[in-house]
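Here is what each chain is made of, one letter per residue.
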Amino acid sequence: MSAFPLTRALDRATVIVVSLLAAFAILVPLLNLAVPASSPFHVSSYFVALFGKYICYAILALSIDLIWGYCGILSLGHGAFFALGGYAMGMYLMRQIGTRGVYANPILPDFMVFLNWPELPVYWYGFQHFPYALLMIVLVPGLLALVFGWFAFRSRVTGVYLSIITQALTFALMLGFFRNNFGFGGNNGLTDFKDILGFNVQAPGTRATLFAISTLALMIGFLICRSIVASKFGKVLIAIRDAESRTRFLGYRVESYKLFVFTLSACMAGIAGALYVPQVGIINPSEFSPGNSIEAVIWVAVGGRGTLTGAILGAVVVNYAKTFFTSGPLAPYWLFMLGGLFIAVTLLLPRGIVGTVEHWLKRKPQSDAQAATANDVAGSPSGEPAPRPAE
Amino acid sequence: MRSFCERLLALVFALSVVCVAANAARADAYEDALANFLADSFDDTIEGINAVAASGHPLAEKVIVALQDGRLLFSAEEKRVFFKDEADRLFDAASGSPATGSPPADLSPVRLNNRLRRIIEATLGSLTLMAPDPVKRFEAAQAVFKSKDANALPALDQAIAKETVARVKRALTEARAAVILYLDSAAETDKIDAVGIMRERGDQEALAVLRGLPDSNPPAVRQLAADAIASIERTLAAWETVQNAWYGISLGSVLLLAAIGLAITFGVMGVINMAHGEMVMLGAYTTFVVQEVIRTRYPGLFDYSLFIAIPLAFLIAGFVGVLIERGIIQFLYGRPLETLLATWGLSLILQQAVRTAFGPTNKDVGNPSWMSGSFDLGHITITYNRLWIVVFTLLVFVLLLALLRYTRLGLEMRAVTQNRSMAASMGIRTGWIDAMTFGLGSGIAGIAGVALSQIDNVSPNLGQGYIIDSFMVVVFGGVGNLWGTLVGALTLGIANKFLEPFAGAVLGKIAILVLIILFIQKRPRGLFALKGRAVEA
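Chains as they are written, first to last, in our numbering: chain P, 1 to 391; chain D, 392 to 928.
Don't read these hints as lab results, they were simulated from the structure. Fair warning: there could be bad hints in the mix.
Calculated from the model, a selection of chain D residues having no Cβ within reach of chain P, i.e. all distances over 12 Å [said to hold, decoys possible]: (1) D479; (2) R480; (3) G492; (4) A577; (5) R602; (6) P605; (7) F657; (8) T734; (9) G757; (10) I859; (11) L898.
Simulated crosslink set (SDA-like; lysine to any residue; CA at most 20 Å straight-line) [said to hold, decoys possible]: (12) D:K913 - P:W150; (13) P:K53 - P:F24; (14) D:K913 - P:K194; (15) D:K527 - D:H448; (16) P:K194 - P:F151; (17) P:K322 - D:A496; (18) D:K537 - D:I588; (19) D:K754 - D:F693; (20) D:K913 - P:K235; (21) P:K322 - D:K537; (22) D:K560 - D:S576; (23) P:K322 - D:A744; (24) P:K322 - D:I740; (25) D:K913 - P:P332; (26) D:K470 - D:A442; (27) D:K913 - P:F151; (28) D:K913 - D:V897; (29) D:K913 - P:F24; (30) D:K913 - P:N292; (31) P:K53 - P:S38; (32) P:K235 - P:L216; (33) D:K537 - D:P525.
From a predicted model like this one, the values you see are computed outputs, not experimental measurements. Backbone N, C-alpha and C define an ideal beta-carbon position, used for all residues, glycine too.
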């Protein structure tokens, strides 16, 4: 992506979102650390921890929106890439514990000592170096997506078939990571982290910095996605979403486009997971559970598919609602609400919050004919011009 | 005061001793034998054991078992023998009736050493070898087979000569063969015969006996034994294949039952119902409720509970299915991915609703008597519930096939599957067909739930465990026709069970997933894909 699509991508809304995120990244840590707790402008550490988590979810949502909203690929297994990135970061953090573990083994993490493993498995080598871990955070999810996508897109697995296969992928990974002999801590996962790059993970300063880095990562991710969808490449993606066969007949290598954007999206999800793990202090196989991945999809649907800002908004709103309801007396009803949200959004609000607002804003100054075209583009993003039932 | 009490006690004892003496007038061999236990010397105890066993008294076994467990007590002062049962109640060994009055002060257990324990085991073995109950005799033979105790040999010979039940007789003969193979003094010809008997038995235990053969055996016997081991291993390997195949078929039929409804709805409507697993769960909970009602109101009907539950589960799940179709899915046509999300939301709601109504714990669903138990076929054990589920699945499959083939609804469903707009042009009410299809698919899922309640835990998460496997079946088998689902389910089931011994359950699953991903490279629409232009979306 050269500078040219970036300038084209910088429309007014994008500039607003980017500056908001930048302000958030600077102000929140500042207000948390520099302002005394008595001041009304103080931002609590609870808020920083909570929103740090949401920001990571927002990056994941962004990565899903890129492939689902713009390319019609509904991945129900994006949580797998998120978790893989998280595990890569977790492995680095585990190696940093060193002799401070319960068994004080300088090389082996506690769970390996506990399981009587004589030496470090080969795939754990190198994770004591931060740059190597960073590389793996991007490389592992990216490679998996590349291989998986190459197989899937080449044989033109699309629509619900693809969704189901991705779900099976994350399910299989979950089963694998639950096993002790897989070498990733079994069902306890990786936890009890001490420090990252020499800074204590629990310290308020580290947490605030992680928050700032996450928000900046979200900002950069948003800019990358924005420049992709605003470029010619992005137009082809939208064409694939709306009429895959037609795009192929026009001479575009549909599978290459899909593969690129799918792999990129997986890398983003991996980064989101890597930022998530030091902030919550644990990564375990339940992150792979298919339910998590589908929940991430609903964030995008709530915020508005095919509107990158919507993905960010949806992730924050839904997760805030989750935190709010599951911690109160309404906790037993949260699953009802979440389930209802899935149904209500798909039935009543197919454009999501941002999409609907955009739709209304556009409709006011424009004529009805133009509104109808906009309606067509947003109406059938699943890419299948399926016959309507005769009713 | 205290000494007075003791004296009173002594008087009571003295009186009871007089009573025993009176009884002793009519003492038979059994009571004489009991007297051997009073001396507290090992040799006398042995004599006692043999004498008690030889007496043939009905209490003999009880006494020796008590002796083995250290529950046989004696009072040297009173010259009486007692035994305690498992509940620690004291009985008089001579009469077998509960001991009255306070127990003697010097009551102490008859002591044992290892030599005695071996003798007791052998005696017990041979005692029960003659038991009137054939099941007991069979068990005794098995015990001797395991202990290979040479002391049991005479009793075995005696028992074999008397035995009339063929099964028990075979067990006795095998036990004798095992004893002889481990007995150095046995004749070579006997040993050769014994190897033959072991070879005939041909199971893991026979293999263990032959493998552990003492080196003192003559070379000819050892050679024969080696041959027998090889032959048994071959047969066992073959049986293991059969066993895996059976497990595979069993798993495959469960998958088929769970997936077949999904395949129909996916075939006709092109949408995947993520709440399909919850329909299965509803069926299982229907079974639970039916059984609860039967338990409290009409306990006699318990064996028929499944026959009541099957139609009920079909109706309930089918009704919920029609509701889902009319309420949600019909508004989402042409948007299959959103259908996926909406039905997922629905599955969350249904799960939570069941969790709220019935609690999150596993519910206990019983097997009717005709579904519990098992039988042996060759060297494999087949449980009745698995067998019936396979039969039931095939029945459902054939019925569904007939429905699709011979009824008007089936014809219209097939038409919509092949070309929706053409079918609509021909006057088929596709909306109605969709609702019926969805109801039918969900109803079958409900029936699957009844079957699964017999082999799996009934919990709100029941459906989730099967949903991904069912999808794999549909993806693998294709949606062209039901045979694809049958072949897909059985293939996956069998492949799973054959991979498990090599790779373990989890890696087996992962391997299957990888194989499916590779498979759809070749056939993206599954094994039995619909041909023609209509398929290309």
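Okay, the hints, checked on the actual structure:
With a closest Cβ-Cβ approach of about 43 Å to chain P, D479 (chain D) is found to remain outside the 12 Å limit, as its non-interface label requires. Separation of R480 (chain D) from chain P is adequate, the least Cβ-Cβ distance of about 48 Å exceeding the 12 Å criterion. With a minimum CB-CB distance of about 59 Å to chain P, G492 (chain D) clears the 12 Å threshold, and the non-interface call stands. For A577 (chain D), the non-interface assignment is confirmed: its Cβ lies about 47 Å from the closest Cβ of chain P, beyond the 12 Å cut-off.
Once the 12 Å rule is applied to beta carbons, R602 (chain D) is consistent with being away from chain P; the minimum gap is 30 Å. A cut-off of 12 Å between C-beta atoms confirms that P605 (chain D) is not in contact with chain P; the least separation is 37 Å. Annotated as non-interface, F657 (chain D) brings its C-beta within 12 Å of a C-beta of chain P; the closest such distance is 8 Å. At roughly 8 Å from the closest C-beta of chain P, the C-beta of T734 (chain D) falls inside 12 Å, breaking its exclusion from the interface.
In this structure G757 (chain D) is separated from chain P by more than 12 Å, as the shortest Cβ-Cβ distance comes to about 29 Å. Not every CB of chain P is more than 12 Å from the CB of I859 (chain D) (nearest about 5 Å), against its label as outside the interface. At roughly 8 Å, the least C-beta separation between L898 (chain D) and chain P is not larger than 12 Å, which violates its mark as non-interface. The hinted pair formed by K913 (chain D) and W150 (chain P) meets the criterion: a straight-line CA distance of about 14 Å does not exceed 20 Å.
Between the alpha carbons of K53 (chain P) and F24 (chain P) the distance comes to roughly 14 Å, so the proposed pair stays at or under 20 Å and holds. Proposed proximity of K913 (chain D) and K194 (chain P) is contradicted: the alpha carbons are some 49 Å apart, above 20 Å. Annotation: proposed proximity of K527 (chain D) to H448 (chain D) holds, straight-line Cα distance about 17 Å (limit 20 Å). A C-alpha spacing of about 40 Å is found between K194 (chain P) and F151 (chain P), which places the hinted pair above 20 Å, so the restraint is violated.
Taking the CA atoms of K322 (chain P) and A496 (chain D), the gap is about 72 Å. The hint is violated against a cut of 20 Å. Between K537 (chain D) and I588 (chain D) the alpha-carbon distance is near 15 Å, which keeps this suggested pair within the 20 Å criterion. Proposed proximity of K754 (chain D) and F693 (chain D) is supported: the alpha carbons are some 16 Å apart, at most 20 Å. Of the pairs offered as hints, the one joining K913 (chain D) and K235 (chain P) is violated, with about 31 Å between alpha carbons and a cut-off of 20 Å exceeded.
With a C-alpha separation of about 61 Å, the suggested pair K322 (chain P) and K537 (chain D) falls outside the 20 Å cut-off, and the hint is violated. For the proposed pair K560 (chain D) and S576 (chain D), the alpha carbon gap of about 24 Å is over 20 Å, so the pair is violated. Only pairs whose Cα atoms come within 20 Å are accepted, and K322 (chain P) paired with A744 (chain D) is accepted, the gap being roughly 18 Å. Distance hint between K322 (chain P) and I740 (chain D) is fulfilled; the C-alpha atoms sit about 15 Å from each other, no more than 20 Å.
With a CA separation close to 46 Å, the supplied pair K913 (chain D) and P332 (chain P) exceeds the 20 Å bound. A C-alpha spacing of about 17 Å is found between K470 (chain D) and A442 (chain D), which places the hinted pair at or below 20 Å, so the restraint holds. The hinted pair formed by K913 (chain D) and F151 (chain P) meets the criterion: a straight-line CA distance of about 10 Å does not exceed 20 Å. For the suggested pair K913 (chain D) and V897 (chain D), the alpha carbons sit about 25 Å apart, so the restraint of at most 20 Å is broken.
Only pairs whose Cα atoms come within 20 Å are accepted, and K913 (chain D) paired with F24 (chain P) is rejected, the gap being roughly 50 Å. Our distance criterion of 20 Å between C-alpha atoms is broken by K913 (chain D) and N292 (chain P), whose separation comes to about 31 Å. The suggested pairing of K53 (chain P) with S38 (chain P) is violated, with an alpha-carbon distance near 25 Å, which exceeds 20 Å. Between K235 (chain P) and L216 (chain P), the direct Cα distance comes to roughly 26 Å. Violation of the 20 Å bound is thereby established for this hinted pair.
Straight-line distance between C-alpha atoms of K537 (chain D) and P525 (chain D) comes to about 18 Å, which keeps the hinted pair within the 20 Å bound.
In summary, the structure is inconsistent with hints 7, 8, 10, 11, 14, 16, 17, 20, 21, 22, 25, 28, 29, 30, 31, 32 from the numbered list given earlier, while agreeing with the others.
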